[in-house]
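Given the structure of chain B, go ahead and fit chains E, D, F, S, P, W, X, G and C onto it with the hints provided.
Number of protein chains: 10
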Amino acid sequence: MISSREQVTQMILAAKVARGLKWSQVAEAVGLSKEWTTAACLGQMTLDKAQAEVVGGLFGLPDEAVAWLQIVPYKGSLPTAIPTDPLIYRWYELVNVYGTTIKELIHEEFGDGIMSAIDFSMDIQRQPDPKGDRVNVVLSGKFLPYKTY
Amino acid sequence: MISSREQVTQMILAAKVARGLKWSQVAEAVGLSKEWTTAACLGQMTLDKAQAEVVGGLFGLPDEAVAWLQIVPYKGSLPTAIPTDPLIYRWYELVNVYGTTIKELIHEEFGDGIMSAIDFSMDIQRQPDPKGDRVNVVLSGKFLPYKTY
Amino acid sequence: MISSREQVTQMILAAKVARGLKWSQVAEAVGLSKEWTTAACLGQMTLDKAQAEVVGGLFGLPDEAVAWLQIVPYKGSLPTAIPTDPLIYRWYELVNVYGTTIKELIHEEFGDGIMSAIDFSMDIQRQPDPKGDRVNVVLSGKFLPYKTY
Amino acid sequence: MISSREQVTQMILAAKVARGLKWSQVAEAVGLSKEWTTAACLGQMTLDKAQAEVVGGLFGLPDEAVAWLQIVPYKGSLPTAIPTDPLIYRWYELVNVYGTTIKELIHEEFGDGIMSAIDFSMDIQRQPDPKGDRVNVVLSGKFLPYKTY
Amino acid sequence: MISSREQVTQMILAAKVARGLKWSQVAEAVGLSKEWTTAACLGQMTLDKAQAEVVGGLFGLPDEAVAWLQIVPYKGSLPTAIPTDPLIYRWYELVNVYGTTIKELIHEEFGDGIMSAIDFSMDIQRQPDPKGDRVNVVLSGKFLPYKTY
Amino acid sequence: MISSREQVTQMILAAKVARGLKWSQVAEAVGLSKEWTTAACLGQMTLDKAQAEVVGGLFGLPDEAVAWLQIVPYKGSLPTAIPTDPLIYRWYELVNVYGTTIKELIHEEFGDGIMSAIDFSMDIQRQPDPKGDRVNVVLSGKFLPYKTY
Amino acid sequence: MISSREQVTQMILAAKVARGLKWSQVAEAVGLSKEWTTAACLGQMTLDKAQAEVVGGLFGLPDEAVAWLQIVPYKGSLPTAIPTDPLIYRWYELVNVYGTTIKELIHEEFGDGIMSAIDFSMDIQRQPDPKGDRVNVVLSGKFLPYKTY
Amino acid sequence: MISSREQVTQMILAAKVARGLKWSQVAEAVGLSKEWTTAACLGQMTLDKAQAEVVGGLFGLPDEAVAWLQIVPYKGSLPTAIPTDPLIYRWYELVNVYGTTIKELIHEEFGDGIMSAIDFSMDIQRQPDPKGDRVNVVLSGKFLPYKTY
Amino acid sequence: MISSREQVTQMILAAKVARGLKWSQVAEAVGLSKEWTTAACLGQMTLDKAQAEVVGGLFGLPDEAVAWLQIVPYKGSLPTAIPTDPLIYRWYELVNVYGTTIKELIHEEFGDGIMSAIDFSMDIQRQPDPKGDRVNVVLSGKFLPYKTY
Amino acid sequence: MISSREQVTQMILAAKVARGLKWSQVAEAVGLSKEWTTAACLGQMTLDKAQAEVVGGLFGLPDEAVAWLQIVPYKGSLPTAIPTDPLIYRWYELVNVYGTTIKELIHEEFGDGIMSAIDFSMDIQRQPDPKGDRVNVVLSGKFLPYKTY
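Residue numbers (our numbering), protein chains in the order written: chain B, 1 to 149; chain E, 1 to 149; chain D, 1 to 149; chain F, 1 to 149; chain S, 1 to 149; chain P, 1 to 149; chain W, 1 to 149; chain X, 1 to 149; chain G, 1 to 149; chain C, 1 to 149.
Worth flagging that the hints you see were computed from the coordinates, not collected in a lab.
Predicted model, so just to flag it, every value in this text is computed and none were measured.
It is possible that some hints are incorrect.
To be verified - In silico DSSO-like cross-links for lysine-lysine, where the CA-CA straight-line distance does not exceed 30 Å: (1) Lys-147/B to Lys-49/D; (2) Lys-16/F to Lys-49/F; (3) Lys-22/P to Lys-49/P; (4) Lys-131/F to Lys-49/B; (5) Lys-131/B to Lys-147/E; (6) Lys-22/B to Lys-147/D; (7) Lys-22/P to Lys-49/F; (8) Lys-49/F to Lys-147/D; (9) Lys-147/G to Lys-49/E; (10) Lys-147/S to Lys-147/F; (11) Lys-147/S to Lys-49/P; (12) Lys-49/X to Lys-22/G; (13) Lys-49/G to Lys-16/G; (14) Lys-49/X to Lys-131/W; (15) Lys-131/D to Lys-22/D; (16) Lys-147/C to Lys-49/G; (17) Lys-22/F to Lys-147/S; (18) Lys-147/C to Lys-131/G.
Just chain B, same shape as in the assembly (with noise of 0.2 Å):
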């Protein structure tokens, strides 16, 4: 019997190494961003009744999970507040070093408000460049002002 989320999140990641699967190839499935479906499939998104069988069918799951793949989930992905990783730190040390410089220019072009996490998209690309290729993160947050009542 699964209780969580979680549980399906492990059976993915166990039968996308057994079956060699990529996430550039479910996303393909799915028909959406593979930013998008990876999150989903690693258990911070909620799909829908389709999606959910698409990804069952890819990794072969059971009828429960795919119903448990269309529940909202409780998110966070990381198992400590700082990350441990390498490659996760170094976005936790952007945030750091630059989260007072963020703040400064996106109040100075729009004043006082946020760049939703929600209303939210993210595209990451390989920028190929002689002196090293590059990975290129796009960003896309709708700014929200604070209201005043």
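Frame of chain B, contents of chains E, D, F, S, P, W, X, G and C only:
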């Protein structure tokens, strides 16, 4: 007597309010991007002599402060490990929710390694949108493969 | 020289005691709700020029402080992640005890997404009750659905 | 053998997905609000015998689980002190940003004391709005004055 | 200019040593228990005008400090979440070792609810004992049942 | 094979629900106070052979569990340093709010030293009260003076 | 105006360097062990009037500081829960590595209870050794059995 | 299959209760002090082949466990950084209260360096005392001077 | 079914003890340094197909585990942020005590930037010494200058 | 009046910027390595009288500061347990990622024990490399075997 870069950052913040300066003006005067320049003024980057003198002039800093701007600072701009400010927290949340996704996709494309936070640049722009303007951020970091030895 | 909004908040708190002002009086003078106005005076919201001048006048603040009130503050009003003050702790406790319940019910009604803390308002009222008056709080936050992309 | 309420919560969550139940249906069967009933099913409230049997019937729980539902649980529904889930975090953020405001305004109206989290009720409703529907939450807690002795 | 209750507590502690006062004397002058009076002087309770003036007179406080004594303080008297002082730690240890026992026994007697820390009084007395005098503490808190709704 | 006292506590909790026992019944059978007996059953005290056999009989424990009850346990009954359960948190809050008060008053009466948490007893009683029954708790701990050497 | 014992400790440390005093000299003047005397000077023990005056004389402290030495201090000498200083960390490491061993052996010899940290003395000596002198520390604490009631 | 030393420690603890062994008996059989032997059995020291076989024989361990006893363990015996168990906490308290004192006195006698926790031994004995027996602990650690280079 | 690299690390550790293998033997078979090979076996590096098969053969791993060895792992090998194991703690201590020194000297030589932990190698050797053999470690990391943009 | 070594470190840092000194110059004047000398100036090592006077002369320190340089400092140079500065964090990351590897390899070569952080030296050099110069660091620590007793 100034004994830390943080004191210089305080001076800059006080002068910025008193003089009504904008970060984009400072960046223009320094001749670099608004992202790098703001981070430098907030104590996260090291300025060369010419840059430090421009910043010192704009903010009316004493010579000792101008000297400190040329010293590599102890980096990290946040008062707590998990930021309380909503704008900055949203970025922490992105790292937390999308952390494993970013990791999976960069590894799928590049293999084991990281996206550099040092050979790195950031560009923040307003993206007009009829449903509400968006914050568009481009992050570019060199991919650094793990060395095998 | 003022180098942070926190110093302005200290000035306001000191003046409020010295002058015997009430938050409701401040709100009336500013022309907005007591909830928003108090949060603004406590360093959590940004005032426009007119609002800042009213607040500056009521509390006898220097011009530099009035300028700081118009700068977007670094938000977060609590000295520790888990608040020690009993009144504020009860709210933390509500989030802790009812957190998963709130999540389940909002998702059941709206699907995946969040209740905005930015496009948000709060109204606190006394609700007379023969068994002991009650604090009645209405929270209103726009529902923001997670974007699929 | 069941040795904690948490195991019963796991059973309920698993059965809810398997049987496709809604919290509002459970609440209707129990005859109480959806807020209290959901909190109870999620291990935060104590059910009486009749309520426990209704819940046990709906979710197909064994007798031992029904007995556990009638035992006062160790409360607290979150895996970390600062919640990572975005929906729940927004509530933590409200407490953090508005914490001192709530404190000031309740004290201004009532004097020293707290808003009870025990003699408390919560009502979550959809509030239709042309600019996007809102989540409307009414919190009602008895004011408890500090005793002088 | 005084901008927090904590500064008043510092003044009281300094004056107490300088003037050689005892808490029991302060309590007698205030006309309340030594427990409540001491907590109030240490920044945990709110005094009314008459009480504040008595305390101000005994400790030679300025008018501004007397005004602050009448403002509801941000409560919590300990510098760390787990107290390092041995006397106070023993109380933390009691909560840690006996916490679940206290919970079980109050629930067995009263059902689900809490012992109030607001409608609460405490009395600390020396209990002579030939094997070594004991500290006898009586805690009295109103039982507050969880509301069903 | 049982390898920790915690497993025995789990067995007792499971059997208590299954058999519908009350702590007061267990205490009566053991012949000691309900406070000590409950703490012992919850893994915080050490039972002698006779006591362990009584407890083993009541809860239907295997011999190995009865042997474990006679082993001094690793004490501490709470899953987090700051308890999330509201009833137990109120006690933590008392220590936090009244901590320095308790310290001052015990020192004023006894000089430097502590109130023992080892040579200690606790008694929890219902105190009828027309305005709502109260929980009355008497704590008695030997005063231990700091040794000078 | 002195408002905490910590300020007195700062004065003593500053004067000790300025005057080139040794703890053993202070202990001799006070007439107690170097361990107790040093702890007292570092803000961890309470001095009587005669002791405080001797210490005040040696370090040239003002009368107010001498009065503070006679007030029971808030104890705990370390700036972080896990000490960073290598000498002190080694002691923390001993507690961490040998903690369960110490527990097992004291319980094997004495039954359930603790070794007092209050009715306690410590003696630190150089133990000459051809392979390198050793630090020899004798700790003596009264065994306090857990009370059954 | 055993994959960590901790599993072996669990086996030993379970067998110790089942077989009614004492640490002093184990130490005698191993031919070393009770302090070292207990620490070794609790997963903090490495046994040689002969010692491991003696321990394996006494506790009835399988060959695989005997092999693990000869592997250097990951040390640290406490489940939390600040121990909750009262007996072990008293030792943490000693380090906290006396930490700076120990540091000052060792430096006064030896200069800069540390007392080794590796070239270290500990001896725990009962010290009869008419006012209550005492726990007498002798710690002996080689002094290691900081190297200048 | 294997759902994390950690399970593979457990298998390797168990097999290493059971088969009596040495890391240097594994490294020789893999054809890389003992440092990289050990880190890889402990779940910190990614193996290619040939390497994974060699490791799988030596430790008798199932095919699924061999597949997992070729997946980039979530890195970080320590159970706590501050390591309790004395050998590893000494390294943490070096970073803590020498952290600012390392920073100053690298910046003095190279300017602003970091020493890479990715384009990095480590070599650990025994250095015979009549006063006691030494551990000699050579760390080599590419200097990465902060980019100005 | 100087009451802590940290104040002296602040003076040195301020003077270093004002006077434009380099650590290598200071080391040359002191006659020791740049690593030890820098650590000493940053408050982590103890200077003898001659060394302190050289340092005092170079930085223009008052006599009282020169006296403090000869007092053993409370060590630890980082403001947070996990360093935020990217250069220092990379070292923390090395300990985290390679921690268990270092442990395994030192134990494989030397048996149980540690690499000393006290009888220790460090040498940081630029290593020219056509693909980008490298930071080469040699760490040398005496191996200290665990004592059996």
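Status of the hints after comparison with the structure:
With a C-alpha separation of about 17 Å, the suggested pair Lys-147/B and Lys-49/D falls inside the 30 Å cut-off, and the hint holds. Only pairs whose Cα atoms come within 30 Å are accepted, and Lys-16/F paired with Lys-49/F is accepted, the gap being roughly 21 Å. A hinted pair counts as satisfied when its Cα atoms are at most 30 Å apart, and Lys-22/P with Lys-49/P qualifies at roughly 22 Å. Of the pairs offered as hints, the one joining Lys-131/F and Lys-49/B holds, with about 28 Å between alpha carbons and a cut-off of 30 Å not exceeded.
Among the hinted pairs, Lys-131/B with Lys-147/E is consistent with the structure: their alpha-carbon atoms are about 17 Å apart, no more than 30 Å. Proposed proximity of Lys-22/B and Lys-147/D is supported: the alpha carbons are some 23 Å apart, at most 30 Å. Distance hint between Lys-22/P and Lys-49/F is fulfilled; the C-alpha atoms sit about 17 Å from each other, no more than 30 Å. In summary, the hint linking Lys-49/F to Lys-147/D is not supported, as the alpha carbons are separated by about 43 Å, beyond the 30 Å threshold.
Between Lys-147/G and Lys-49/E the CA atoms are separated by roughly 17 Å; this keeps the pair inside 30 Å, and the hint holds. Proximity of Lys-147/S to Lys-147/F is assessed by CA-CA distance (about 22 Å); at most 30 Å being required, the pair is judged to hold. Among the hinted pairs, Lys-147/S with Lys-49/P is inconsistent with the structure: their alpha-carbon atoms are about 43 Å apart, more than 30 Å. Restraint check for Lys-49/X and Lys-22/G: the C-alpha separation of about 17 Å stays at or below 30 Å, so the hint holds.
The suggested pairing of Lys-49/G with Lys-16/G holds, with an alpha-carbon distance near 21 Å, which does not exceed 30 Å. Proximity of Lys-49/X to Lys-131/W is assessed by CA-CA distance (about 28 Å); at most 30 Å being required, the pair is judged to hold. Straight-line distance between C-alpha atoms of Lys-131/D and Lys-22/D comes to about 28 Å, which keeps the hinted pair within the 30 Å bound. Annotation: proposed proximity of Lys-147/C to Lys-49/G is violated, straight-line Cα distance about 43 Å (limit 30 Å).
Between the alpha carbons of Lys-22/F and Lys-147/S the distance comes to roughly 23 Å, so the proposed pair stays at or under 30 Å and holds. For a cut-off of 30 Å, the pair hint linking Lys-147/C to Lys-131/G stands: about 17 Å separates their Cα positions.
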